[in-house]
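Please work from the sequences and hints to get the whole structure.
Here the protein sequences line up with chains A, B, C and D, keeping their order. Letter by letter, the first sequence follows residues 93 to 526 in the numbering used here. Letter by letter, the second sequence follows residues 93 to 526 in the numbering used here. Letter by letter, the third sequence follows residues 93 to 526 in the numbering used here. Letter by letter, the fourth sequence follows residues 93 to 526 in the numbering used here.
Honestly, the hints are just simulated from the structure, not real lab data. Backbone N, C-alpha and C fix where the C-beta goes; we use that ideal spot for every residue, glycine too. Take the hints with a grain of salt, since some may be wrong.
Dumping the calculated EDC-like pairs for lysine to aspartate or glutamate here, alpha-carbon to alpha-carbon at most 16 Å [what the hints assert, rightly or not]:
hint	chain 1	residue 1	chain 2	residue 2
1	D	K99	A	E175
2	B	K305	C	E103
3	D	K128	C	E393
Cβ-Cβ distance ranges computed for the label pairs, FRET-style [what the hints assert, rightly or not]:
hint	chain 1	residue 1	chain 2	residue 2	range
4	D	D497	C	L477	53 to 61 Å
5	B	I523	A	E374	37 to 45 Å
6	A	D182	D	K305	25 to 33 Å
Number of protein chains: 4
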Amino acid sequence: MKFLSEKLNEEKVFKDPVHRYIHVRFRLIWELIGTKEFQRLRRIKQLGTAYFTFHGAEHSRFNHSLGVYEIARRIIDSFEDIEDVEKWSDHDRMLCMCAALLHDLGHGPFSHSFEKVFQLDHEDFTRKIILGDTEINEVLKKVSENFPQEVADVIAKTSDNKLVVSLISSQIDADRMDYLLRDAYYTGVSYGQFDIERILRIMRPHGDQTVIKHSGMHAVEDYIMSRYQMYWQIYFHPVSRSAEVILTKILHRAKQLYEEGFTFKLPPHHFYSTFDGNVSVEDYLKLDEGVVMYYFQIWQEENDEILQDLCRRFMNRNFFKYVEFNPNDHMKEWYKLMALFKEAGIDPEYYLVVDSSSDLPYDYYRPGEEGERLPINLLMKNGELRELSRQSEVVESIAGKRRTDHKLYFPLDILMDEKDNGEIKRNIREILYK
Amino acid sequence: MKFLSEKLNEEKVFKDPVHRYIHVRFRLIWELIGTKEFQRLRRIKQLGTAYFTFHGAEHSRFNHSLGVYEIARRIIDSFEDIEDVEKWSDHDRMLCMCAALLHDLGHGPFSHSFEKVFQLDHEDFTRKIILGDTEINEVLKKVSENFPQEVADVIAKTSDNKLVVSLISSQIDADRMDYLLRDAYYTGVSYGQFDIERILRIMRPHGDQTVIKHSGMHAVEDYIMSRYQMYWQIYFHPVSRSAEVILTKILHRAKQLYEEGFTFKLPPHHFYSTFDGNVSVEDYLKLDEGVVMYYFQIWQEENDEILQDLCRRFMNRNFFKYVEFNPNDHMKEWYKLMALFKEAGIDPEYYLVVDSSSDLPYDYYRPGEEGERLPINLLMKNGELRELSRQSEVVESIAGKRRTDHKLYFPLDILMDEKDNGEIKRNIREILYK
Amino acid sequence: MKFLSEKLNEEKVFKDPVHRYIHVRFRLIWELIGTKEFQRLRRIKQLGTAYFTFHGAEHSRFNHSLGVYEIARRIIDSFEDIEDVEKWSDHDRMLCMCAALLHDLGHGPFSHSFEKVFQLDHEDFTRKIILGDTEINEVLKKVSENFPQEVADVIAKTSDNKLVVSLISSQIDADRMDYLLRDAYYTGVSYGQFDIERILRIMRPHGDQTVIKHSGMHAVEDYIMSRYQMYWQIYFHPVSRSAEVILTKILHRAKQLYEEGFTFKLPPHHFYSTFDGNVSVEDYLKLDEGVVMYYFQIWQEENDEILQDLCRRFMNRNFFKYVEFNPNDHMKEWYKLMALFKEAGIDPEYYLVVDSSSDLPYDYYRPGEEGERLPINLLMKNGELRELSRQSEVVESIAGKRRTDHKLYFPLDILMDEKDNGEIKRNIREILYK
Amino acid sequence: MKFLSEKLNEEKVFKDPVHRYIHVRFRLIWELIGTKEFQRLRRIKQLGTAYFTFHGAEHSRFNHSLGVYEIARRIIDSFEDIEDVEKWSDHDRMLCMCAALLHDLGHGPFSHSFEKVFQLDHEDFTRKIILGDTEINEVLKKVSENFPQEVADVIAKTSDNKLVVSLISSQIDADRMDYLLRDAYYTGVSYGQFDIERILRIMRPHGDQTVIKHSGMHAVEDYIMSRYQMYWQIYFHPVSRSAEVILTKILHRAKQLYEEGFTFKLPPHHFYSTFDGNVSVEDYLKLDEGVVMYYFQIWQEENDEILQDLCRRFMNRNFFKYVEFNPNDHMKEWYKLMALFKEAGIDPEYYLVVDSSSDLPYDYYRPGEEGERLPINLLMKNGELRELSRQSEVVESIAGKRRTDHKLYFPLDILMDEKDNGEIKRNIREILYK
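What follows is the structure, encoded as structure tokens:
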């Protein structure tokens with residue numbers, strides 16, 4: 093039998109709190125899960141630093157990746173039962189399931205901060221891991237020489253198979269559906285819940301996109317609102333962002349020290365190629381959150397005061413406080429604060445940080461703009477397509493609107509300690525809390 | 093105001109998937125949570141290696157400790173509303189909540205295996221952390237010089253305050269109730285569920301123990317059965333035990349190499365005092381699962397074949413297979429297998445491992461026996477106490493019965509590879525699978 | 093002890109699927125639940141005919157009334173724990189709980205249709221039951237001669253105690269919160285869920301209204317969206333409305349026959365005073381859904397073809413079909429249809445029915461307009477109040493917008509039966525489905 | 093296409109809180125649901141009088157019947173995916189689904205009491221409805237002349253198709269699985285929960301029975317324990333039984349009055365044939381709980397004191413109180429009580445009632461005994477079958493053990509009213525509560 097459609101002797105199941113069970117019938121999927129590159133995702137948290145705010149959010153990307161696979165599998169299965177819909181080939185079915193399973197493969201530890209500080213791109217690494225000298229590549233090649241490339245193309249959205257792409261990457265795809273449900277489950281909030289079984293029932297392949305039967309519009313509205321709520325309640329929670337700020341500044345500092353030729357007690361070998369900007373796939377795969385935390389723990393004792401302080405803050409959850417602050421609107425105060433921080437001997441580069449979060453919960457198609465996102469289309473009774481926000485007032489209210497939130501982070505404990513520079517610190521606090 | 097009963101300006105809450113919210117009203121509790129020793133529990137998984145079998149089980153002991161505190165808090169609160177029951181003093185209330193929060197403080201990474209290999213005792217470390225030169229000790233001392241000792245005594249069950257002890261350590265205590273519910277939630281199984289609100293309603297302080305109103309017997313039966321099911325379905329799952337086997341053997345091997353003077357590429361400083369058997373609290377606190385995994389990752393490249401192999405197996409979830417096997421019943425086969433393994437060049441000390449799990453879901457009181465456990469007593473209508481298993485046939489069926497399961501673990505992949513010693517390996521497989 | 097604050101020897105609890113347990117501590121509440129007028133609510137379904145569409149929705153108003161009481165009780169309890177908030181007197185606390193428990197007391201069978209056909213007003217009957225010669229009145233009077241009146245005034249929103257009123261009747265009150273959660277639970281949909289524990293935590297009494305702490309805005313948004321979704325997914329479901337249409341027409345027909353002096357095989361004594369427009373409280377209390385269904389069953393055999401047919405349809409769930417149709421926009425077709433129905437011998441008064449549903453999910457305050465509803469106010473950090481829709485774009489998108497849906501209902505089975513008037517019926521179908 | 097396997101144009105779904113969705117693909121099933129005999133099940137509560145104790149338990153047999161169908165459908169579907177298992181024919185598949193859907197068709201209002209008082213048998217009526225002149229029969233006959241008989245035989249367990257029978261009627265069948273889950277959901281208790289998805293995965297057709305894969309033994313243990321708990325916590329709750337006692341006595345009294353020629357104000361036509369012991373299917377189908385409650389309401393005003401009193405008690409939930417009492421063990425007190433009741437003018441036939449409940453949660457096979465129940469068999473690794481209680485200690489502890497609970501019910505309110513016969517009543521109370 094061809095490997096592409098080779099089934100296991102007995103279906104394997106994973107107990108999953110979100111989808112009850114995850115079903116694996118094909119040997120190919122089973123072998124992909126068993127690779128060391130996929131197992132590595134167990135050592136990377138799905139929500140980075142969010143567990144400092146929502147202690148339940150300790151789940152890994154491994155967890156989520158299985159979930160995305162399961163949703164993709166169910167969507168394809170549900171297409172089988174619809175009349176008048178062209179059946180998927182074994183090849184497309186497997187391509188879609190592989191892409192779903194592997195879409196997050198390139199995520200590193202605390203991806204967001206790492207990508208920002210070191211100009212890395214996790215999607216780039218996903219591609220490299222799939223195409224490189226890895227166990228993943230070896231398994232995929234059993235299908236055909238070109239199969240790894242096909243999977244990579246679907247994940248990169250450059251594949252010609254737009255329908256398969258739309259299941260993995262669109263505004264209502266297997267990835268988003270899984271993470272909303274999963275993150276809601278683990279944090280314990282109710283916001284992320286929506287009726288995924290209904291959504292699966294009303295999705296329809298339509299040419300090269302997936303559309304939604306008109307009768308299910310309210311279920312999709314509910315999904316969009318869940319997404320909106322999860323962003324502001326969980327993903328952009330100011331305390332998690334404070335953890336991100338510290339994390340980012342630790343990485344900055346370590347890189348700077350490395351570049352300045354600082355002598356680390358324990359040389360951070362794992363980071364060298366990252367600091368140098370030429371990290372190989374092999375090095376990248378060795379980085380996980382355990383390794384990063386190992387260094388943070390060690391660095392609590394390093395001979396650099398800033399690195400030491402920031403690492404202690406991170407390990408012991410002693411983060412910065414914050415106020416609402418948009419520097420563009422308050423340039424004068426901003427310069428004043430920087431000056432005062434310097435005067436007080438507190439390096440503003442590390443201790444006075446603006447963080448901005450912005451969200452676009454749903455976007456309609458604006459031709460010609462870069463990065464435009466494919467809209468969600470409703471399939472009307474008469475067979476026409478209609479873009480969601482034209483039909484739903486609720487979605488229209490948030491469609492295309494980018495909402496941004498600016499916060500200014502600083503170490504209140506230091507500013508409250510009036511042993512030195514008490515006068516200056518009082519001035520700073522007055523500006524911050526006026 | 094006395095620190096013991098000092099309240100926060102505003103109650104703090106943690107969103108918790110199991111108890112919905114965890115409520116913190118007292119400054120003392122809040123400060124304990126903020127200590128670095130307590131924050132360290134975020135880096136130690138509640139269920140050790142179970143996440144290799146149940147991928148959802150990635151939750152930490154931090155998570156669980158907050159839950160135990162919350163249940164203890166609710167039990168004490170519920171006592172307030174019962175007439176004819178002596179009110180707790182502020183001191184006892186706080187003592188109980190602190191002990192609940194801190195009872196797991198001394199757990200190290202993968203506690204079970206560590207304790208076994210290195211003869212450590214997490215309860216001993218809990219005591220040392222509470223009494224030693226730590227942030228925890230500093231906070232507790234704000235109550236009184238003796239308060240840390242009192243908390244340690246409750247956790248050690250040596251306190252004279254038997255009633256407080258019974259809430260933390262008995263066959264139906266805040267610890268067990270939280271872990272059953274929590275582990276069920278995160279793994280996604282339904283077995284661990286029971287009606288905790290009802291149980292809280294029917295608990296009664298009675299002299300120096302906590303008893304259960306007779307009308308609630310069925311709720312307690314249900315709890316006992318949950319416990320029984322969780323043990324056999326989750327805690328003793330043969331795949332998680334296989335991970336434990338590998339883990340234990342890695343630690344064994346590393347210790348042995350250290351003792352033999354082996355030159356590690358990266359000297360495992362973190363383990364030195366553990367290997368030497370004189371680990372200090374300070375060293376102990378530096379060990380967490382990130383650190384351990386860091387070494388395991390490095391050791392995948394070490395110049396010892398066994399260490400290298402075992403670490404790769406652990407990191408990439410390539411565990412041993414197993415068969416039912418009780419060496420006591422099959423001494424001959426056991427010796428034969430050991431001999432054959434040696435003959436095939438596979439060290440049986442590391443690659444042929446018997447693991448036994450045994451559970452005693454509920455025990456009644458057997459005077460005079462060592463380690464006897466306090467039974468659960470029902471408070472009958474006429475005011476008498478009656479031991480649970482005398483009233484419930486279901487509980488009687490499992491009471492006092494220790495059930496043991498023996499499994500033999502081995503690397504099937506090596507035994508299937510017939511390049512060398514094919515004949516011997518076939519012999520081995522024949523014995524194992526006959 | 094005064095009856096107002098007399099406690100039961102032991103707290104009573106009701107197991108409730110929505111709130112887990114409903115707690116009753118006061119004798120007054122317990123006695124009210126035991127009255128026959130309150131027990132009667134067991135015989136009236138909370139969602140009328142919705143169970144024909146959502147088979148789970150068979151729960152009664154008894155069920156819901158306990159839930160509203162429980163939420164009110166919890167809100168008041170939560171106020172207790174907030175500093176800087178004036179404590180409620182025993183009197184106000186009990187007044188509020190009684191009003192919550194009794195607010196739906198006057199609902200009759202299939203209220204919506206009954207009120208429409210017979211110009212009844214359930215609020216009017218609630219008042220009459222509380223003030224009349226009833227067991228309810230007897231229990232309330234044990235508090236004081238005037239207490240029944242006070243409770244009735246709170247329910248009628250005419251009480252001076254605006255704060256108590258706001259807990260029972262506002263855009264975010266105990267009534268709405270319970271029915272959204274409860275109806276979602278019984279129907280099995282996920283839309284009605286929101287984080288009620290969080291909402292309870294962020295509600296604040298503020299002068300004579302209940303306001304919401306600013307930090308909880310998103311939780312309230314989520315509640316408003318739940319309300320919006322429940323209306324369109326459940327309450328206005330076209331099939332339930334079809335059942336309502338039949339029900340309404342049955343009542344119309346029976347009344348008309350009664351007025352015309354028709355001889356019923358079984359004289360509908362229970363309905364006489366209702367038909368005559370002078371129903372007493374005593375008669376009203378005898379009407380429940382079992383009684384109404386009893387007559388409908390009997391009327392399946394009555395000598396009036398229309399009554400017989402409509403009752404069979406209702407009993408056996410053989411409802412009318414529908415199309416989207418707004419008569420105001422299609423007067424010509426409307427008249428044409430009526431003419432054709434008559435021509436075909438199908439009485440359009442009973443068999444061609446327009447039903448319109450309209451919803452206003454959230455309304456802001458528009459001074460001077462009649463029926464204005466009190467808005468939800470956010471309590472900002474600086475102590476100011478701010479109306480919700482000014483702060484939330486999502487709420488703004490639906491605030492003050494009445495959305496109306498018009499449907500035309502007709503018996504498709506009759507129209508498909510071409511034995512008689514085949515030509516005319518084809519014409520009718522052509523117009524309906526063009 | 094043959095009607096047997098004719099599919100609907102589009103699958104229909106019912107939103108169901110227990111199974112999420114109920115899926116109907118075949119026209120035959122759809123038409124059965126639409127018959128008036130099946131719709132009648134909406135007017136009969138699944139748990140009779142339990143809603144007086146657990147207010148959530150207002151769900152109907154309609155509700156449950158859909159659930160049993162859905163589980164049967166899923167079991168058959170799951171068999172499809174198992175290798176080495178003979179595929180079911182279209183005929184057997186449909187036979188099984190019809191039997192599942194219709195198995196409760198013959199239940200009357202408050203079945204338990206009706207059957208007891210009037211010696212009716214709901215299974216007998218199920219058969220008559222399927223075979224008689226009904227819409228159900230008409231639909232089933234579209235398959236073949238003999239199909240109604242085949243369905244009736246499966247429900248009656250007389251069919252030769254033992255495998256199909258075992259899915260509907262065995263100790264682990266679709267009926268039991270649905271009612272445990274559903275009754276738990278609606279009452280809100282957690283006891284009835286078990287992992288049905290896992291049980292569905294481990295069921296295997298094996299010759300003419302359904303067996304359980306050995307690896308799933310714990311899941312079945314959990315199911316058996318759920319059943320055990322539900323019986324004692326819900327089904328045999330003493331307050332629901334008190335309602336049953338009143339109900340039974342009302343029916344007794346009405347029959348006796350009828351037989352004595354009593355002149356009812358409203359002649360109870362609906363009951364005549366039942367009283368006479370010759371109720372036809374047509375009459376039987378007219379009885380539902382609305383009708384029964386209608387008479388109970390009317391009878392509150394009848395000229396018989398006992399009937400009046402009992403009906404008021406039932407309508408207004410003013411039930412009898414109870415004590416533990418087994419007359420066999422206390423014959424003397426029993427006769428004494430009867431004598432004293434008569435002396436006090438309280439008819440013991442209606443006011444002094446022993447009710448006994450007994451449960452056999454799991455039974456093994458005892459050849460030769462009448463009414464033996466088929467045991468649950470485990471399919472061991474070696475292919476042998478092994479009866480469950482031989483493998484599971486927990487199940488063994490309750491297997492074959494009938495537990496019986498006797499209670500004595502009486503009107504405490506009357507016994508407390510010392511206006512008349514105070515002395516005698518005091519004597520009575522002394523005996524009851526000694």
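Please work out if B/K305 and C/E103 have their alpha carbons no farther apart than 16 Å.
holds (14 Å)
Is 37 to 45 Å respected by the C-beta to C-beta distance linking B/I523 and A/E374?
Holds, since B/I523 and A/E374 (Cβ atoms, about 41 Å apart) stay within the stated range.
Next pair to validate is D/K128 with C/E393; report whether the Cα-Cα distance is within 16 Å.
Given pair D/K128, C/E393 holds - Cα atoms ~15 Å apart, limit 16 Å.
Distance restraint hint 25 to 33 Å, applied to the beta-carbon atoms of A/D182 and D/K305
The hinted range 25 to 33 Å holds for A/D182 and D/K305, with Cβ atoms some 29 Å apart.
So does D/D497 sit 53 to 61 Å from C/L477, Cβ to Cβ?
With Cβ atoms ~59 Å apart, the hint holds.
With the threshold set at 16 Å, check whether the alpha-carbon distance from D/K99 to A/E175 stays at or below it.
holds (11 Å)
Violated hints: none; the structure is consistent with every hint.
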